[in-house]
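Novice: In order, the protein sequence lines correspond to chains L and H. Residue 1 is where the first sequence starts when you use full-length UniProt numbering, and the numbers rise one by one after that. Residue 1 is where the second sequence starts when you use full-length UniProt numbering, and the numbers rise one by one after that.
Careful, some of the hints might be misleading.
[Unchecked claim] Here are a few chain H residues that sit away from chain L, every Cβ distance over 12 Å (derived from the structure):
| # | residue |
| --- | --- |
| 1 | Q37 |
| 2 | I49 |
| 3 | F100 |
| 4 | A101 |
| 5 | Q401 |
| 6 | V561 |
| 7 | L574 |
| 8 | L600 |
[Claimed, not checked] Derived pair list, reagent style PhoX-like, types lysine-lysine, alpha-carbon separation capped at 25 Å:
| # | chain 1 | residue 1 | chain 2 | residue 2 |
| --- | --- | --- | --- | --- |
| 9 | H | K598 | L | K200 |
| 10 | H | K125 | H | K285 |
| 11 | L | K288 | L | K125 |
| 12 | L | K387 | L | K403 |
| 13 | L | K71 | L | K125 |
| 14 | L | K598 | H | K200 |
[Said to hold, decoys possible] Which stretches of chain H does chain L cover? Using the computed rule of at least three CB atoms under 8 Å from a CB of chain L, they are:
| # | region |
| --- | --- |
| 15 | 13-27 |
| 16 | 221-231 |
| 17 | 360-370 |
| 18 | 463-470 |
Please keep in mind that the hints were generated in silico from the structure rather than gathered at the bench. By construction, the Cβ of each residue, glycine as well, lies at the ideal position given by its N, Cα and C atoms.
There are 2 protein chains.
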Amino acid sequence: MPKITEFSAQNINDMQSARNRVTIDIVAVRNYLHDGQELWEHRRNIISILAKEPAFNTPGMEFKSRSERFKDGLAKMKRLYELVEEHGWTVADDVNLALFAMGEMLPVYLHNMAFEPVFFSQASKELLDHYGSLVIHRGILGCYLQTELGHGTNVSALETTATYIPETREFELHSPTMTSTKWWIGALGKTSTHGVVQAKLILPDGVDVGPHLFFVQLRYLGEAPGPQNHRLLPGIIAGDIGQAEGPKAMGGSDCLDNGFARFNHIRVPKWHMLSRFAQVTDEGKYVKPLHAKISYGGTKAFMEMSERLNGGDASLLAELHAATSGLKVLCTAASVQDLETARRSMGGHGYSAFAGIGKKYADLLPTVTAEGENYVLDQQVVRAALKAFTRLTAFAKTQSQDKLNEFVNSLPPSSVYLRRLLPGSDRRLSEPPVLFEASWTDPSVLISLLEWRAALLVHEVAQTTDAHDATIYQRVSKAVTEAFVAGRVGEMLALLNEREVIGPKDKEFVKRVYILYLLTTIESSLTDFLSFGLLRFPPCDSSPSGSLSRDPTKGLRLAIVRLCEDLLPEAIGLTDAFGFTDWELDSALGVFDGQVYKALWERAQTEPLNQTEVPDGYEEYIRPMLLRGQRLAGAKL
Amino acid sequence: MPKITEFSAQNINDMQSARNRVTIDIVAVRNYLHDGQELWEHRRNIISILAKEPAFNTPGMEFKSRSERFKDGLAKMKRLYELVEEHGWTVADDVNLALFAMGEMLPVYLHNMAFEPVFFSQASKELLDHYGSLVIHRGILGCYLQTELGHGTNVSALETTATYIPETREFELHSPTMTSTKWWIGALGKTSTHGVVQAKLILPDGVDVGPHLFFVQLRYLGEAPGPQNHRLLPGIIAGDIGQAEGPKAMGGSDCLDNGFARFNHIRVPKWHMLSRFAQVTDEGKYVKPLHAKISYGGTKAFMEMSERLNGGDASLLAELHAATSGLKVLCTAASVQDLETARRSMGGHGYSAFAGIGKKYADLLPTVTAEGENYVLDQQVVRAALKAFTRLTAFAKTQSQDKLNEFVNSLPPSSVYLRRLLPGSDRRLSEPPVLFEASWTDPSVLISLLEWRAALLVHEVAQTTDAHDATIYQRVSKAVTEAFVAGRVGEMLALLNEREVIGPKDKEFVKRVYILYLLTTIESSLTDFLSFGLLRFPPCDSSPSGSLSRDPTKGLRLAIVRLCEDLLPEAIGLTDAFGFTDWELDSALGVFDGQVYKALWERAQTEPLNQTEVPDGYEEYIRPMLLRGQRLAGAKL
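Could you put the whole structure together from the sequences, leaning on the hints where they help?
Specialist: Okay, here's the thing in structure tokens:
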């Protein structure tokens with residue numbers, strides 16, 4: 001065998017010299033990113049405990065069958081909650097931190113993120129008294145049954161029924177068609193004992209009052225061991241929807257049992273309806289909720305919103321709906337795209353399972369089509385924007401300048417970009433900025449450009465409602481949401497000066513990172529900026545880069561490349577400040593010491609196929625094939 | 001259990017009415033797409049044979065472990081070549097058709113696509129006489145060992161050495177470092193008996209003359225069963241690189257054993273050098289090849305090129321290199337992106353492994369970074385474009401108009417767009433077109449726009465070599481290659497009239513599909529068209545859509561949506577004309593009869609996890625967790 005089995009020190013040296021060039025204060029930036037030293041240490045402590053646990057270090061997950069991986073996931077779930085008890089971790093923040101660090105979608109994630117929040121925000125006092133503590137301590141495991149085989153984003157089309165029976169004070173849940181089968185439900189397939197079911201509420205007089213929520217036991221519990229334990233209750237059939245390997249066709253969420261369920265006229269007592277908002281009287285009379293869309297969805301803003309709603313205030317619901325819809329589209333689409341960009345930037349080795357990106361990509365990928373399909377949500381963002389635009393122009397026609405200013409100042413953050421469309425005394429507001437070389441490093445100019453682009457696109461779509469092309473909803477939704485995010489960047493930059501955890505030099509670094517975000521956001525939609533004449537340069541300098549360029553986008557593009565070159569030496573400092581351990585990243589290409597080739601080599605040696613020199617299947621398949629080939633070739637070897 | 005277990009006829013009816021609306025002649029279009037009725041029937045015959053074979057219908061592949069899937073792949077490989085013999089299929093076209101239809105990357109694919117073409121194009125007569133017939137009949141199985149752990153696209157950096165030993169007339173192959181380990185080599189890990197190795201040729205005087213190819217036996221063959229069979233030869237260590245599940249982190253190429261290999265001073269006889277072009281004399285004197293890059297790469301154009309090179313003609317190599325580099329980038333990037341667009345258009349169910357897209361995506365994904373990393377290839381396209389531009393401008397300065405016209409007419413297809421930059425008598429050539437509404441359905445206008453954009457971008461980059469931004473190589477490469485493809489679309493449209501297999505109505509349909517390609521190609525790079533002032537409208541009609549729009553891109557965008565609406569009723573006819581069977585597509589969402597929910601349901605029932613109601617791991621993990629939770633909640637259930 002070759003004598004040279006040592007990897008050279010090149011990788012290590014390269015990483016060390018890169019670290020030597022960093023000028024930012026890594027500890028200070030780390031504490032800034034993690035909201036202080038104390039939270040950082042708490043986080044590090046939890047992760048160091050997890051990293052030592054055998055259950056979270058099962059080797060060769062990627063080579064196992066789906067059933068084996070699912071079982072490994074159950075072992076992780078059990079061990080995690082033992083640790084919660086041993087170390088006194090909180091079942092909310094600490095557990096979610098642990099789940100995130102493990103990088104594995106365990107069945108209990110759905111209990112935590114979907115079942116529990118919906119239960120606590122919408123259950124009646126009786127239901128809370130009876131099951132609240134069990135939900136908190138995972139004495140029951142829940143899931144949230146909304147999507148059906150034939151119905152997803154369009155919640156109002158759900159077919160499952162819950163018919164009220166006044167005689168017994170029960171609801172009868174039923175799956176009337178095959179397409180009404182609950183489908184894709186995380187943790188339903190094999191794990192959950194209970195669920196919250198979205199079903200159309202049918203009153204005794206036959207009137208359908210639309211989707212409402214019902215608490216349903218799915219499987220037998222059992223204190224003593226017994227054959228009945230964990231079996232499905234009569235009238236329910238359920239199972240795993242068989243998503244494996246592939247994204248789920250790509251290795252995504254392998255430990256999670258997305259499932260299906262059908263109900264055959266099963267009964268639940270009346271008090272199992274989640275009736276904090278809408279109710280049914282004993283006789284079967286319907287008591288309306290404050291707002292028609294109140295019962296949709298789970299996921300933290302909802303909690304805050306429900307507090308307000310408890311106080312009778314529904315005014316912010318439309319605003320919240322539009323902003324969260326736009327953010328959902330923007331964040332999911334950007335995350336998926338940026339993860340793939342990161343993977344490609346690793347070159348050929350980025351395709352290796354050992355790079356650690358592929359599984360994260362596969363886990364993230366469904367977010368663009370699930371929990372509100374992005375294309376549909378875009379349309380809702382545009383609808384809200386047009387509504388706000390119509391209100392604004394109507395107001396502008398009939399009110400005085402003072403009243404108008406007052407109205408503009410009261411615009412919610414998600415509509416504030418619309419002020420660009422109104423004549424005003426402030427010239428910076430009423431006219432797009434003229435761009436000088438220094439503009440590309442001025443956040444306020446970049447933010448105003450993003451607001452102008454949103455405003456002019458919404459104006460465009462309002463003027464041309466008769467002739468919409470196929471991309472307009474996506475362009476407008478992106479523009480409106482990016483203007484909203486740009487506003488938040490402006491706020492964060494303003495707040496940055498008040499933060500004492502980092503010094504002036506590091507603040508300048510953080511500011512430049514934000515500027516890079518703003519510049520690349522503009523770059524990714526240059527067509528819009530050019531179409532609406534937003535790249536305006538002073539007349540004496542029609543070529544902004546001062547070169548022979550004819551390209552009006554050149555100045556922006558050069559500003560980006562210069563800023564990247566400027567920030568590049570700090571990049572390793574920034575990633576060190578994130579503080580992810582090798583255990584968390586689980587990537588041969590992301591190892592802290594830079595020894596990527598060594599890491600790839602060592603992982604390959606552990607592969608099951610490499611445990612024998614001649615593979616299983618040689619005698620049966622390879623050898624007969626070779627012998628036939630040799631016979632046909634008339635060759636003796 | 002619910003009584004309704006039948007799916008409604010809705011899906012079937014929807015598909016039937018969609019088919020009823022088709023106006024194109026599906027059989028004629030099918031024969032057009034498949035180059036005639038005869039080829040179509042040959043193809044259908046092969047696929048119907050494959051679809052009946054148990055080896056190609058192993059259920060639940062996606063739920064198996066990597067080792068099981070690899071073994072299933074070996075079974076498919078063996079059976080495929082039995083069928084080749086039984087039915088007299090050709091080992092080239094017919095086998096490749098079968099492999100493509102199976103949608104599975106089997107180890108023998110690398111023998112067929114990499115090992116065999118390199119062997120036959122570069123082996124000496126002696127090597128061909130000895131091994132040619134064995135290679136053809138798969139009496140040996142080969143792989144192509146180029147990429148190393150530390151070196152991919154940059155072939156000149158390969159570290160593996162082949163040192164000539166004149167005393168014994170042998171080459172000694174050696175892996176001097178760990179980073180020189182051959183890595184990612186398809187079919188090397190567990191299957192191949194032989195390989196062609198790229199290694200730096202070192203002459204007896206120590207001079208390194210760069211990478212050359214050597215034929216090397218890797219594993220023992222054995223006519224009789226024996227423990228030594230298929231084991232690695234002394235001095236070689238090799239194995240699988242452990243890519244599984246994940247793309248290879250996403251379920252890609254699971255049946256393929258990408259592998260690694262290290263050589264410890266192993267000897268091969270001198271005649272094992274692939275020496276058709278470069279040679280070493282018995283004494284160790286190097287005989288140069290006709291062209292320095294002749295020995296790189298495998299993959300059909302190469303074969304044609306090598307014929308020319310055999311005749312001493314190397315002039316087209318640079319042209320071929322630039323055009324194929326650009327096409328490689330364009331085709332791989334577009335395929336990956338379009339496949340993901342198709343997946344998202346299926347909504348939430350597109351994420352299911354049963355949708356059949358995820359695995360195809362994962363199989364295709366490495367093409368953007370492998371076999372020439374796209375970002376690196378872009379730079380080579382730009383370099384070639386700048387060279388052509390420089391030649392053109394130099395020529396323009398010194399020559400007469402007649403000579404210049406002659407030169408322009410002699411431009412190769414990949415540089416023909418540059419004629420736009422030269423003054424000429426033909427006004428359509430020397431000035432970008434003014435766009436009317438009818439322009440959007442005129443292929444010649446769209447092609448000229450794509451040529452103008454390439455020409456102006458190359459001009460821009462030539463003028464500003466001192467200040468390049470991070471995206472310029474990608475933009476120029478895309479522009480140049482899309483201009484080349486647009487030229488080919490123009491040729492195909494011209495040829496369309498001569499084809500007799502389809503009638504005038506179907507020709508009009510095909511033409512509109514081509515126009516849609518041209519329009520969406522322009523749409524995807526509107527920033528460039530706007531930046532260089534290529535969206536020019538007649539002065540009287542600054543608003544091209546005739547509406548209140550301020551958006552100069554609106555006319556193009558509306559033309560696209562109108563054309564899509566126009567073509568939509570024919571879409572199902574076109575996909576029927578492709579002729580893919582349900583067996584080939586292997587997609588619950590792509591079934592011919594449209595019963596997608598039924599297909600999803602039925603596939604889910606077969607999943608291993610659903611074969612027991614209570615999952616393995618319940619007693620061990622789920623129950624203790626629930627009991628602990630119930631104890632903590634102080635609840636009895």
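Novice: State for each hint whether it applies.
Specialist: Hint check:
Distance check for H:Q37 against chain L: the nearest CB is about 32 Å away, which clears 12 Å, and the non-interface claim stands. Every Cβ of chain L is farther than 12 Å from the Cβ of H:I49; the closest lies at roughly 18 Å, confirming the non-interface assignment. Listed as a non-interface residue, H:F100 keeps its Cβ farther than 12 Å from every Cβ of chain L; the least gap is roughly 19 Å. For H:A101, the non-interface assignment is confirmed: its Cβ lies about 19 Å from the closest Cβ of chain L, beyond the 12 Å cut-off.
Every C-beta of chain L lies more than 12 Å from that of H:Q401, the closest at about 25 Å, which supports listing it as non-interface. A cut-off of 12 Å between C-beta atoms contradicts the statement that H:V561 is not in contact with chain L; the least separation is 5 Å. Distance check on H:L574: its Cβ is at least 19 Å (rounded) from any Cβ of chain L, clearing the 12 Å threshold; non-interface status holds. Its beta-carbon lying about 7 Å from the closest one in chain L, H:L600 breaks the requirement of being farther than 12 Å from that chain.
The straight-line distance between the Cα atoms of H:K598 and L:K200 is roughly 23 Å, inside the 25 Å bound, and the hint therefore holds. At most 25 Å may separate the alpha-carbon atoms for a hinted pair to count; H:K125 and H:K285 meet this at roughly 20 Å. Of the pairs offered as hints, the one joining L:K288 and L:K125 holds, with about 18 Å between alpha carbons and a cut-off of 25 Å not exceeded. With a C-alpha separation of about 20 Å, the suggested pairing of L:K387 with L:K403 holds against the 25 Å cut-off.
Only pairs whose Cα atoms come within 25 Å are accepted, and L:K71 paired with L:K125 is rejected, the gap being roughly 36 Å. Between the alpha carbons of L:K598 and H:K200 the distance comes to roughly 23 Å, so the proposed pair stays at or under 25 Å and holds. Note: the region 13-27 of chain H has 0 residues with beta-carbon separation from chain L under 8 Å; the three-residue rule is not met and the coverage is violated. Coverage of the region 221-231 of chain H by chain L holds. Counting CB-CB distances below 8 Å, 7 residues qualify, and the rule asks for three or more.
Here the region 360-370 of chain H counts 7 residues with a CB under 8 Å from a CB of chain L, which clears the bar of 3, and the coverage holds. Counting residues of the region 463-470 of chain H whose C-beta sits closer than 8 Å to any C-beta of chain L gives 7, which meets the bar of three, so the coverage hint holds.
Going down the numbered hints, you'll see the structure goes against 6, 8, 13 and 15, while the others check out.
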